[in-house]
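**Q** Given next are the chains, with one letter for each unit.
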Amino acid sequence: DGGITQSPKYLFRKEGQNVTLSCEQNLNHDAMYWYRQDPGQGLRLIYYSQIVNDFQKGDIAEGYSVSREKKESFPLTVTSAQKNPTAFYLCASSIGQGIGQPQHFGDGTRLSIL
Amino acid sequence: AQTVTQSQPEMSVQEAETVTLSCTYDTSESDYYLFWYKQPPSRQMILVIRQEAYKQQNATENRFSVNFQKAAKSFSLKISDSQLGDAAMYFCAYRRGGGGADGLTFGKGTHLIIQP
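Protein chains in written order, with this note's numbering: chain A, 1 to 114; chain B, 1 to 116.
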């Protein structure tokens with residue numbers, strides 16, 4: 001079945017440590033996205049990529065980095081510069097340049113601080 | 001910048017009744033798309049319905065329909081014949097139009113409770 005796989009489901013970070021969240025899709029989608037969700041809040045856009053080797057900052061990119069070396073993969077690194085990383089992280093993808101194509105979401109990764 | 005506002009943090013409805021969730025948005029664009037997503041306790045985001053701003057006809061998907069008022073920048077979701085499985089967080093989302101693939105701007109959500 002086609003879909004988006006996020007791993008791990010739960011992740012713990014120590015102070016001063018960088019951690020990487022994985023996102024893989026086999027939907028042959030061009031565009032991929034990372035969102036952050038805090039309790040009682042909607043999703044906020046961290047980074048997005050419309051094609052391989054290209055990505056743009058979203059509304060809350062500080063303290064995060066991404067890469068897009070393959071169409072299927074869009075990993076997110078939470079760096080030590082992100083002082084409040086505890087949140088639920090969702091990866092999404094869409095066909096890309098199309099007429100209002102909806103985004104499909106993975107099951108998310110919950111990141112906590114040790 | 002675009003903003004999306006959901007003014008109802010929580011709504012409750014009896015099973016089999018109809019409920020309407022409100023959403024307003026602010027944008028200077030004329031071409032855009034609007035979406036309603038459902039997030040059950042599993043935290044998975046599920047697309048419920050979408051609306052293209054250039055279409056005057058309101059979108060409908062089975063028991064789910066929208067009331068899109070472009071001039072008022074309002075996009076409410078009506079759920080008919082509510083079922084226990086409809087209990088979830090509901091998020092309204094906006095995406096700018098054009099040929100690109102920008103990210104979505106979300107509201108803070110409405111928690112829908114279904115009373116048996």
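Just so you know, these hints were derived from the structure itself, not from any lab. Since this is a predicted model, take the numbers as computed values, not measurements. Be a bit skeptical, because a hint or two may be false.
Stated by the list, open to error - Residues from chain A that keep clear of chain B, each with C-beta distances beyond 10 Å, as calculated:
1) Val52
2) Glu62
3) Asn84
4) Gln101
Stated by the list, open to error - In silico DSBU-like pairs for lysine-lysine, Cα to Cα no more than 35 Å straight-line:
5) A:Lys57 to B:Lys55
6) B:Lys70 to A:Lys83
7) B:Lys108 to A:Lys14
8) A:Lys71 to B:Lys108
9) B:Lys108 to A:Lys57
10) A:Lys9 to B:Lys70
11) A:Lys70 to B:Lys78
12) A:Lys14 to A:Lys57
13) A:Lys70 to A:Lys83
14) A:Lys83 to B:Lys55
15) A:Lys83 to B:Lys78
16) B:Lys70 to A:Lys57
17) A:Lys9 to B:Lys108
Even glycine gets a Cβ: it sits at the ideal position worked out from N, Cα and C.
**Q** State for each hint whether it applies.
**A** Right, here's what the structure says about each hint:
1. Val52: Correct as stated: the minimum Cβ-Cβ distance to chain B is 13 Å, above 10 Å.
2. Glu62: holds (16 Å)
3. Asn84: holds (18 Å)
4. Gln101: violated (8 Å)
5. A:Lys57 to B:Lys55: This hinted pair holds, its Cα atoms lying about 30 Å apart.
6. B:Lys70 to A:Lys83: violated (40 Å)
7. B:Lys108 to A:Lys14: OK: B:Lys108 and A:Lys14 at ~29 Å, within 35 Å.
8. A:Lys71 to B:Lys108: holds (31 Å)
9. B:Lys108 to A:Lys57: Within the cut-off at roughly 21 Å; holds.
10. A:Lys9 to B:Lys70: violated (39 Å)
11. A:Lys70 to B:Lys78: violated (40 Å)
12. A:Lys14 to A:Lys57: holds (25 Å)
13. A:Lys70 to A:Lys83: Holds, because 29 Å separates the two Cα atoms, which is no more than 35 Å.
14. A:Lys83 to B:Lys55: This hinted pair is violated, its Cα atoms lying about 43 Å apart.
15. A:Lys83 to B:Lys78: violated (40 Å)
16. B:Lys70 to A:Lys57: Cα-Cα ~29 Å, so holds.
17. A:Lys9 to B:Lys108: holds (23 Å)
Checked against the numbered hints above, the structure breaks hints 4, 6, 10, 11, 14, 15 and satisfies the rest.
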